[in-house]
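K.L.:
Make a model of the complete structure from these sequences and hints.
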Amino acid sequence: MDSENSKSSPQPQKWVKLNVGGNIFMTSRETLLRDSNSMLARLVSESDLISDKDDTGAYLIDRDPKYFSPILNYLRHGKLILDAGIAAEGVLEEAEFYNITHLISLVKEQIKIRDQHTIVDNKQ
Amino acid sequence: MDSENSKSSPQPQKWVKLNVGGNIFMTSRETLLRDSNSMLARLVSESDLISDKDDTGAYLIDRDPKYFSPILNYLRHGKLILDAGIAAEGVLEEAEFYNITHLISLVKEQIKIRDQHTIVDNKQ
Amino acid sequence: MDSENSKSSPQPQKWVKLNVGGNIFMTSRETLLRDSNSMLARLVSESDLISDKDDTGAYLIDRDPKYFSPILNYLRHGKLILDAGIAAEGVLEEAEFYNITHLISLVKEQIKIRDQHTIVDNKQ
Amino acid sequence: MDSENSKSSPQPQKWVKLNVGGNIFMTSRETLLRDSNSMLARLVSESDLISDKDDTGAYLIDRDPKYFSPILNYLRHGKLILDAGIAAEGVLEEAEFYNITHLISLVKEQIKIRDQHTIVDNKQ
Amino acid sequence: MDSENSKSSPQPQKWVKLNVGGNIFMTSRETLLRDSNSMLARLVSESDLISDKDDTGAYLIDRDPKYFSPILNYLRHGKLILDAGIAAEGVLEEAEFYNITHLISLVKEQIKIRDQHTIVDNKQ
Chain D
1 MDSENSKSSP QPQKWVKLNV GGNIFMTSRE TLLRDSNSML ARLVSESDLI SDKDDTGAYL
61 IDRDPKYFSP ILNYLRHGKL ILDAGIAAEG VLEEAEFYNI THLISLVKEQ IKIRDQHTIV
121 DNKQ
Chain P
1 MDSENSKSSP QPQKWVKLNV GGNIFMTSRE TLLRDSNSML ARLVSESDLI SDKDDTGAYL
61 IDRDPKYFSP ILNYLRHGKL ILDAGIAAEG VLEEAEFYNI THLISLVKEQ IKIRDQHTIV
121 DNKQ
Chain G
1 MDSENSKSSP QPQKWVKLNV GGNIFMTSRE TLLRDSNSML ARLVSESDLI SDKDDTGAYL
61 IDRDPKYFSP ILNYLRHGKL ILDAGIAAEG VLEEAEFYNI THLISLVKEQ IKIRDQHTIV
121 DNKQ
Chain F
1 MDSENSKSSP QPQKWVKLNV GGNIFMTSRE TLLRDSNSML ARLVSESDLI SDKDDTGAYL
61 IDRDPKYFSP ILNYLRHGKL ILDAGIAAEG VLEEAEFYNI THLISLVKEQ IKIRDQHTIV
121 DNKQ
Chain X
1 MDSENSKSSP QPQKWVKLNV GGNIFMTSRE TLLRDSNSML ARLVSESDLI SDKDDTGAYL
61 IDRDPKYFSP ILNYLRHGKL ILDAGIAAEG VLEEAEFYNI THLISLVKEQ IKIRDQHTIV
121 DNKQ
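Protein chains in written order, with the working numbering: chain D, 1 to 124; chain P, 1 to 124; chain G, 1 to 124; chain F, 1 to 124; chain X, 1 to 124.
No wet-lab data here; the hints were simulated from the structure.
Heads up, a few of these hints could be off.
A pair counts as met if it fits within one copy or between any two copies, since identical chains are not told apart.
What the hints assert, rightly or not - Below, a list of computed lysine to any residue pairs in the SDA-like style, where the Cα atoms sit at most 25 Å apart:
{"no.": "1", "residue 1": "Lys108", "residue 2": "His77"}
{"no.": "2", "residue 1": "Lys53", "residue 2": "Glu96"}
{"no.": "3", "residue 1": "Lys17", "residue 2": "Tyr59"}
{"no.": "4", "residue 1": "Lys17", "residue 2": "Lys79"}
{"no.": "5", "residue 1": "Lys17", "residue 2": "Ser51"}
{"no.": "6", "residue 1": "Lys17", "residue 2": "Asp52"}
{"no.": "7", "residue 1": "Lys17", "residue 2": "Leu82"}
{"no.": "8", "residue 1": "Lys112", "residue 2": "Glu96"}
{"no.": "9", "residue 1": "Lys79", "residue 2": "Lys112"}
{"no.": "10", "residue 1": "Lys112", "residue 2": "His102"}
{"no.": "11", "residue 1": "Lys79", "residue 2": "Leu33"}
P.N.:
Structure (structure tokens):
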């Protein structure tokens, strides 16, 4: 399908609009394709995943937009960055949903480190 | 009117737009139907709850959008995830409003754990 | 003008759009009428308060949207819920502006409790 | 052009739309005029400051919207209210940019108090 | 196409709209040009960097909007201001992406200071 589609529109769209739970994210196709096993790569490879779009042409994803930011940032630059107020468990849930294997282990590691610190604090 | 609409479109819409207190949430009908006793399931089952819509076709709900996110996420993946800055009491209030029984007990449990920790802290 | 409008539409609108400092809030007339002495009840009772509207028909209120959420939530469910990051003084300022007597005392109480805790902390 | 506009509408607009760094703020002319020496008063007095507007007629201001809220709130009710997560230095920077003399000293005072507390904490 | 556009409008636009990851930022060309080696200066100098625009004419940048604010503020007033909830690592990542040399060292310094404080806290 990708090859067929690329015939009629030889260059697939470089930019992709996502509607995650009602919020709009703008990113590149290249970013979404970074982890080829992820659900996001499958979303834009237009082969095995049929996805709905909203009236503005954004792919509809039934997930929370807040926890999606660290996911997308990981795909952009390869690092896990969590702000203080964001529950790591919320990001883990999304990493699993989008099936980004390396990110899943990064978040789990971060949760382990955080919990070890908390135990030390409680012992004091 | 609703019944007339359901005649012309025998398949109910897969995606549902909610206007919670002025913010737009996009989710699937499937997610909202997950807890069949909840007000959200009744909202989209189009049988016993007549609900108003805004001009964009989103169901109007007179509640706070911020505390709605953990509610919707619970329906999406079955877990309660609370960010550090979010008052659990705010989420409890919504879980009760939307009548999601299991979530109500999850939030109450979390509040109990939090308060036990705070008491320990105060004793130090 | 307002009276003329009420002639043509004998039933006042059930839903009310507010433009608080540039952000849109959607709520019901019923919620805004809950405290009959408040400025918000007067806003929608269409009798003694002439208020401007923006081009989308939302009532214009020259206040901060962030501190308005706990105000509106109080009118929705009768409780004061403050997130960790929100300055209670900001909410007090709004409770006074909107003239919601019971909420004013609830916020003052919360501030008193918070300050007692802080004093204890400082003494340690 | 501005003068021509003021001829056709002798009464200046009561409500003012500001586009601060891409976010829309809605406030009254009266609020912006509160500190007559501020850049915001000059912006709406239509005499000595020619300012650009976006396509929706909002005054364009090349500053951060997040730190603008406490500035605008100060003009609304005369108090400085800072949420826990907001860097006071960010607000100071804006108070100086908008040239609101009394607010500048209020923020500086708050920073001094905060830093004294921090020093005490470090000494423990 | 870009060169053709610059012929018809000899004076480049004073205001620039950026679509960073789906959020709109409004700033001046002057601000973006402040660090001449940065990717943002190259974006608006219309010489060596061809960039895509969205349908509203905003430059598309495939990065997180939240961490972009401190970047843009640095270009506006020359200081690094980080709110409590924002991970400095997230800002560092962006400072490196946008190639703003002095800001990179400012953020690194801040991270060093923060980590020293944390070590002291752990030793107690």
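K.L.:
Run every hint past the structure and note whether it holds.
P.N.:
Status of the hints after comparison with the structure:
1. Lys108 to His77: both (19 Å within a copy, 18 Å between copies)
2. Lys53 to Glu96: within (22 Å within a copy, 32 Å between copies)
3. Lys17 to Tyr59: Cα proximity of lysine 17 and tyrosine 59: in one copy and across copies (6 Å, 14 Å).
4. Lys17 to Lys79: within (22 Å within a copy, 28 Å between copies)
5. Lys17 to Ser51: So lysine 17 and serine 51 pass the 25 Å test inside a copy (13 Å) and across (17 Å) alike.
6. Lys17 to Asp52: Classified as both: same-chain Cα gap 12 Å, cross-chain 14 Å, threshold 25 Å.
7. Lys17 to Leu82: within (23 Å within a copy, 27 Å between copies)
8. Lys112 to Glu96: within (17 Å within a copy, 29 Å between copies)
9. Lys79 to Lys112: So lysine 79 and lysine 112 pass the 25 Å test inside a copy (17 Å) and across (19 Å) alike.
10. Lys112 to His102: Close inside one copy (16 Å), not across copies (27 Å); limit 25 Å.
11. Lys79 to Leu33: within (16 Å within a copy, 28 Å between copies)
Violated hints for the displayed structure: none, as all numbered hints are satisfied.
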